[in-house]
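Sequence order for the protein chains is A and B.
First residue of the first sequence? That's 1 in our numbering, and the numbers climb one at a time after it.
First residue of the second sequence? That's 1 in our numbering, and the numbers climb one at a time after it.
Think of the hints as simulated: they come from the structure by calculation, not from any bench.
Beta carbons are placed, not taken as given, at the ideal position from N, Cα and C, and that holds for glycine.
All clues stand as given, with none of them false.
Chain A regions said to be covered by chain B (calculated; three or more residues, Cβ under 8 Å): (1) 18-30; (2) 33-41; (3) 49-59; (4) 77-86.
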Amino acid sequence: MTDKKIRVLVAKPGLDGHDRGAKVVARALRDAGMEVIYTGLRQTPEMIAEAALQEDVDIVGLSILSGAHMALAPRILELLKANGQSKVKVFIGGIVPDEDVPQLKQMGVTGVYGPGASTEDIIKDIKEAVK
Amino acid sequence: MSLADSVLNGDRLALARVLTQIENDTQDGRAALATLFPNTGKAHLIGVTGSPGTGKSSLVNQLALYYRKQNKRVAIVAVDPSSPFTGGAVLGDRVRMKDLSGDAGVFIRSMATRGSLGGLAQATAGMVQAFDAAGFEIVMIETVGAGQSEVDIARLAHTTLVVEAPGLGDDIQAIKAGILEIADILVVNKADRPGVENTEKALKSMLELAHPTQHIFSHHGKYMSVASEAVDAALWIPPIQRTISLDGTGIPELAEKIATHAEHLRVSGDWAARERARLESEIEAFLQEELMNQFRQNVPESKYDEVMKLVYKRSLSPWEAVKMLMNGRSK
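One chain only, chain A, in its complex shape (with noise of 0.2 Å):
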């Protein structure tokens, strides 16, 4: 029972507080045998990148619907980053206007799921990503 398991951090950061598809997200990763560690809302970048320090996860799962991802999607990488975590992957979840996308897979974001995308798409894609 102490195989290896994809840990997966689900953040809330900024000040809006819907976070029922960040709650799908984690229920559908934890149906994928993943762990999932939920931080709750309003997490400010420090905090997202201290939990997945203590934590030691694999990847981050960002949950922005206040159109701030320009800002803090980046911030976020860099304080992976800078804690030495350049490793763990970022992908971004909620509303996220088409245009964007390019830009934020460059930075890094490994994916960007609208309203609509299917949990499986998000489950093959962080296998693939974790690998």
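Go by the hints and put chain B onto chain A.
Chain B alone, transformed into the frame defined by chain A:
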């Protein structure tokens, strides 16, 4: 420098990685524990257990804040259950511990039970050793939301808090064997809720009926007492403390009771006795696992399947099957 040496030097990332290796029971993890082990034995291990929803995580959050004010470094191991079907888990204890974020004197690690049933995971003891060696003076271990018999925490911790909340059970629940017996301190959390007097009364009458209880653990398959070698030393009677985790009411008083308990353990000799009992039960668990592994290596899978088929057909009882497999091993 090895990862374990970096842990001893206070490197947090190295600590996080060692914890993962311990959790996954890798060769590196075992080697790291071997390096760290001589540096353990300093921390006060505080177990926090109780039914789901009694407020364990919030209580741990408040206690950690209190210890930080006294400049003690605090590690928290928070255990939540793994799914018995998929092996996945949602670990949500951090949600209640946001106040501790951004403090370098606190390290919170969530872990899933990965199939263990006693309220902790198999690797919890190893993780606690890593925190102890890394110089955390207080290590709090929060169990899964426990039912009546998830009592492994009493073997691991020096001081076990059992958290109750108003409205969860009557005086008959309170005299059943199991979780209430392992309490060194009983906490009635959510003390602003109605029914708190009844809860406290039920716990009090339980203590009056059955006290003092000795801590007795299974040892080589027999029951053994780890309570005072000096039996004459005053036995510890678990105090009851009301708390409200939301605003911190009762937390300084609780911390004081925890300190008094630690003092009692040291004076009575129970501290050393508990350490011995813990290490013995740890070695016993590892021995069982190792013997099982050896057995699996020595008995060919085909032999196992063959015997299982006989059991399916009910021409062999499970005990007879075991006898046959053990004989196969000695060949």
